[in-house]
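Participant: The chain contents come next:
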Amino acid sequence: MQSTLTTSETLPPARTASRWRPRHASAALALVPFITLLALFCLAPIAWVLIHGIKTDSGIGLEHFGEILSSPFYRQAFGNSLRISLESSALALLITLPGAASLARVPGRLRDIAIAFTNMTSNLAGVPLAFAFIIILGTNGAITLLLRRWGLVDDPQLYSSRGLILIYSYFQIPLGLLLLYPAFSTLDDDWKHAAALLGARPGQYWLRIALPVLSPAVFGTFILLFANAMGAYASAYALTTGNINLVTVRIASLVSGDIFLEPDMAAALSVMLMGLLILVTAVNQWLLKRTNRAS
Amino acid sequence: MSFVEISRLAKHYGDNRIFHDIDIQVQQGEWVTLLGPSGCGKSTLLRCIAGLTDVDNGHIRVEGEDITHTAPQKRGIGMVFQSYALFPNMTVAQNIAFGLKMQRCAPEEMKDRVADVIGLVELKGKEAHYPHELSGGQRQRVALARALVVEPRILLLDEPLSALDARIRKHLREQLREIQTRLHLTTIFVTHDQEEAMTLSDRIFVMNHGKIVQQGTAEAVYTQPASEFVARFMGSCNLLDAEQSQRLFGRAIDGHLAIRPEAIRLIRPQQDSSDTLPGIVMRHQLLGNVIRYEVESRGSVLWVDRLNRGADELMPSGMQVQLHVKNEDLREVH
Amino acid sequence: MQAKTWHRCMVTGLGGLLAIPVVATLLYSLSSEWGATLLPDGLTFGWYVQLWHDPRFLTAFGHSLAICLGTLFLSTVVIVPAVFVTFYRFPGLNRLMNVLILMPFAIPPVVSSVGMLQLYADGPLPLIGTPWVLIGCYFTIVLPFIYRALANSLGGMNLRDLMDAAHLLGATTPRAFLSVILPSLKPGLMASLFLSFSFLLGEFVFANMLVGTRYETLQVYLYNVRQTSGHFTSAVVMSYFLFTLALTWLAARLGKIGSQ
Numbered sequence: 001m002q003s004t005l006t007t008s009e010t011l012p013p014a015r016t017a018s019r020w021r022p023r024h025a026s027a028a029l030a031l032v033p034f035i036t037l038l039a040l041f042c043l044a045p046i047a048w049v050l051i052h053g054i055k056t057d058s059g060i061g062l063e064h065f066g067e068i069l070s071s072p073f074y075r076q077a078f079g080n081s082l083r084i085s086l087e088s089s090a091l092a093l094l095i096t097l098p099g100a101a102s103l104a105r106v107p108g109r110l111r112d113i114a115i116a117f118t119n120m121t122s123n124l125a126g127v128p129l130a131f132a133f134i135i136i137l138g139t140n141g142a143i144t145l146l147l148r149r150w151g152l153v154d155d156p157q158l159y160s161s162r163g164l165i166l167i168y169s170y171f172q173i174p175l176g177l178l179l180l181y182p183a184f185s186t187l188d189d190d191w192k193h194a195a196a197l198l199g200a201r202p203g204q205y206w207l208r209i210a211l212p213v214l215s216p217a218v219f220g221t222f223i224l225l226f227a228n229a230m231g232a233y234a235s236a237y238a239l240t241t242g243n244i245n246l247v248t249v250r251i252a253s254l255v256s257g258d259i260f261l262e263p264d265m266a267a268a269l270s271v272m273l274m275g276l277l278i279l280v281t282a283v284n285q286w287l288l289k290r291t292n293r294a295s
Numbered sequence: 001m002s003f004v005e006i007s008r009l010a011k012h013y014g015d016n017r018i019f020h021d022i023d024i025q026v027q028q029g030e031w032v033t034l035l036g037p038s039g040c041g042k043s044t045l046l047r048c049i050a051g052l053t054d055v056d057n058g059h060i061r062v063e064g065e066d067i068t069h070t071a072p073q074k075r076g077i078g079m080v081f082q083s084y085a086l087f088p089n090m091t092v093a094q095n096i097a098f099g100l101k102m103q104r105c106a107p108e109e110m111k112d113r114v115a116d117v118i119g120l121v122e123l124k125g126k127e128a129h130y131p132h133e134l135s136g137g138q139r140q141r142v143a144l145a146r147a148l149v150v151e152p153r154i155l156l157l158d159e160p161l162s163a164l165d166a167r168i169r170k171h172l173r174e175q176l177r178e179i180q181t182r183l184h185l186t187t188i189f190v191t192h193d194q195e196e197a198m199t200l201s202d203r204i205f206v207m208n209h210g211k212i213v214q215q216g217t218a219e220a221v222y223t224q225p226a227s228e229f230v231a232r233f234m235g236s237c238n239l240l241d242a243e244q245s246q247r248l249f250g251r252a253i254d255g256h257l258a259i260r261p262e263a264i265r266l267i268r269p270q271q272d273s274s275d276t277l278p279g280i281v282m283r284h285q286l287l288g289n290v291i292r293y294e295v296e297s298r299g300s301v302l303w304v305d306r307l308n309r310g311a312d313e314l315m316p317s318g319m320q321v322q323l324h325v326k327n328e329d330l331r332e333v334h
Numbered sequence: 001m002q003a004k005t006w007h008r009c010m011v012t013g014l015g016g017l018l019a020i021p022v023v024a025t026l027l028y029s030l031s032s033e034w035g036a037t038l039l040p041d042g043l044t045f046g047w048y049v050q051l052w053h054d055p056r057f058l059t060a061f062g063h064s065l066a067i068c069l070g071t072l073f074l075s076t077v078v079i080v081p082a083v084f085v086t087f088y089r090f091p092g093l094n095r096l097m098n099v100l101i102l103m104p105f106a107i108p109p110v111v112s113s114v115g116m117l118q119l120y121a122d123g124p125l126p127l128i129g130t131p132w133v134l135i136g137c138y139f140t141i142v143l144p145f146i147y148r149a150l151a152n153s154l155g156g157m158n159l160r161d162l163m164d165a166a167h168l169l170g171a172t173t174p175r176a177f178l179s180v181i182l183p184s185l186k187p188g189l190m191a192s193l194f195l196s197f198s199f200l201l202g203e204f205v206f207a208n209m210l211v212g213t214r215y216e217t218l219q220v221y222l223y224n225v226r227q228t229s230g231h232f233t234s235a236v237v238m239s240y241f242l243f244t245l246a247l248t249w250l251a252a253r254l255g256k257i258g259s260q
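Chains as they are written, first to last, in this note's numbering: chain S, 1 to 295; chain Z, 1 to 334; chain W, 1 to 260.
Isolated chain S (complex conformation):
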């Protein structure tokens, strides 16, 4: 539409927010406690960790990282953490996929109850979860006895990485469900119908249309589950009293506990862990942007 206004009559540009306007100073005050708390309890510790990760006796250096990478003990910690996180996330995803598909299809009431229920069970995460699994799958656990009676397994290794994978999968499932089922609701039924009329069997529809459309959400969920598992500490600690070699357990033992305290090493380990997690979160955000573009 052609504007008939001359330049002198055009309206001034819309007011853009600028935090330096004096009249907004009082508003800025409202942000001060927020920023202070954030700085004290989130930014400062991270800054300390970042700085001390690269600080050595002779100034800045990557010695700590070298030490970590050359130590079989620390390498095993990373290996265990990665393996357990990957396998538990995969297991949880395998269970969550059909679960979320069904959750998106059941009537609203059942869905609300189901979601509330899964939220409730996730309150068990951490120490109580470890204890609960000991009850079920410990040496004298109910399911252990069942398995023994059926001759399936002699001693289910709860106190090893296999047990941890089970425990981690358990608390990943509610998270996975919550993240995935909205994606399933975006699947248009008419796609299924159109595909059927064009000759596709249900399996072909899922393979060629539904899963490709869902894949960013599925992958993003997997990544979040993985990050969550990498950072988990309480369950593993409670189950094995810190005897299992995981990155988080190692970090904690270097800053609290009975043996030598090496906060700088802990910082270096933390930096490596954080680097991995930030990389993973960034990939997730990029994937989200991709889904938003395509829809």
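Where hints are given, some of them may not hold.
What the hints assert, rightly or not - So the derived label-pair ranges between C-beta atoms look like this:
hint, chain 1, residue 1, chain 2, residue 2, range
1, Z, Ala311, W, Asp164, 44 to 52 angstroms
2, W, Cys9, S, Arg201, 21 to 29 angstroms
3, S, Lys289, Z, His129, 19 to 27 angstroms
4, W, Gly15, S, Arg201, 27 to 35 angstroms
5, W, Leu39, S, Lys289, 51 to 59 angstroms
6, Z, Asp116, W, Asp161, 53 to 61 angstroms
7, Z, Glu63, S, Lys289, 48 to 56 angstroms
Said to hold, decoys possible - Once the Cα atoms are required to be at most 27 angstroms apart in a straight line, the calculated BS3-like pairs of lysine-lysine come out as:
hint, chain 1, residue 1, chain 2, residue 2
8, S, Lys192, Z, Lys126
9, S, Lys192, Z, Lys111
10, S, Lys289, Z, Lys126
11, S, Lys192, W, Lys4
12, Z, Lys170, Z, Lys124
Claimed, not checked - Computed footprint of chain S on chain W, listed as stretches where at least three residues anywhere in the stretch have a Cβ under 8 angstroms from a Cβ of chain S:
hint, segment
13, 20-27
14, 108-114
These are calculated hints, taken from the structure and not from any lab test. Backbone N, C-alpha and C define an ideal beta-carbon position, used for all residues, glycine too.
Chains Z and W: place on chain S using the hints.
Facilitator: Chains Z and W only, in chain S's frame:
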């Protein structure tokens, strides 16, 4: 025997009767429209014909073959959905090729057939685009191409034009009809727009509350409505009750008297006044190429449509006129 | 209707699977003896009686409640004005905020603890071992939940128009905020607060590493008494689990009333 024979089809959902006693015959190459207001069951009926929902009673036969319980994959039916249902993860070309892929068509032949149908719907150049990059009209044409390329024996269209702008809708309407005629494709079309139904169809089935209330050519359904509902639904209609009918035309009826606005002629009082009704013009509406007058006559108000022939032919409010209606244009409906 | 029943079965099956540890813990807390047999030998409430008379447990529970409520109060008072001000006065900050609130997610508590132990052990802010450091840390934990809930509510309403209308009718900005905006934020806020509460009750890492037994919370207590009978610990778990259940139910009721 007809190409498509639907007999005694019925479906209910709990206590709700979606449709019942549906009998439809469609000849090969014919364009048939299911016309009715929202909620009359026409879309569900279409989905049942496609096999996407099952029926509770009755039979569907195509070329003599009973397909009432056949899977949708095997019915040889193509369908264009109201929402188009284009697969978002595939390009235009991949969407169209999907049905051929399911038939395990050879890649060379597939390329040719896809290119042909893209030319047919005038989408050349858009093969590598994704659905979200296309306009509404373009998406509709992709949906059509996808349904046509597999050479179905019946084409079903579920209100494919309702989401489009009026101008595009008119253009696509013509394109659709032209393609259908060229391919001699048996087509069942669902709409709530009676103008669309009348311009496109060979025959119309008017539905209301799950039943077919009238079927016939557009001409027949329009000029000879079988019921008050059809009279009201197919365009504007004057409906006089028994008392008014007696008063104005001396006709004793049992139901309503339906008179189309364009069937009433307005004459200036100078001419022969026998066999006419006196009237006064109350107001008029400009509908574009038609002027609709509200004329009061013997205590009743009638709509009268006249072609818009310019300001000098306009009849002003308060003007005295005479109304004349041919006997065959007075239709009794129940 | 085959698909329908499949979906229902799937959902209930999944629920059942998730319920197993809860049910097992419940049974264990109610059984007098459960040796190497499939089912408990006898049922009793004795463990609960013992638990709720244990002063150490009651202290720990009290500590947890105090810290959680303190955190929620502090968070509300700090975050609500901050979010409002961001949306209203400094909308350009929104993107930065969204990144900031992601940080507690990307940083595992163990890592934060490393820094905190070094920074706040002595020096100007000797917070380690006091409940204050926990409240601060818990603030960062609940920040994403509360911020998200408030941001969703604020994003959904026409903030600028509402504030302008209030101004035209003579209200000052704080007054308009309190009377017009805050009431609409309540449902989302309350929901996130209840969610955060149950989350905080289950927090172990910060509580154990930064405070430990100096201000023993519920989870630390639970870990420390693990050597006592498993029945006893199960009773602890079920007690606070049922408490959380009651809270969540309450939140749901309030949510329904709020939306009517």
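Participant: Look at each hint and say if it fits the structure.
Facilitator: Consistency of the hints with the structure:
no.	hint	result
1	Ala311(Z) / Asp164(W): 44 to 52 angstroms	holds (48 angstroms)
2	Cys9(W) / Arg201(S): 21 to 29 angstroms	holds (22 angstroms)
3	Lys289(S) / His129(Z): 19 to 27 angstroms	holds (20 angstroms)
4	Gly15(W) / Arg201(S): 27 to 35 angstroms	holds (30 angstroms)
5	Leu39(W) / Lys289(S): 51 to 59 angstroms	holds (53 angstroms)
6	Asp116(Z) / Asp161(W): 53 to 61 angstroms	holds (54 angstroms)
7	Glu63(Z) / Lys289(S): 48 to 56 angstroms	holds (51 angstroms)
8	Lys192(S) / Lys126(Z)	holds (24 angstroms)
9	Lys192(S) / Lys111(Z)	holds (24 angstroms)
10	Lys289(S) / Lys126(Z)	holds (24 angstroms)
11	Lys192(S) / Lys4(W)	holds (16 angstroms)
12	Lys170(Z) / Lys124(Z)	holds (21 angstroms)
13	20-27	holds (count 5)
14	108-114	holds (count 7)
The structure is consistent with each of the numbered hints, conforming to all of them.
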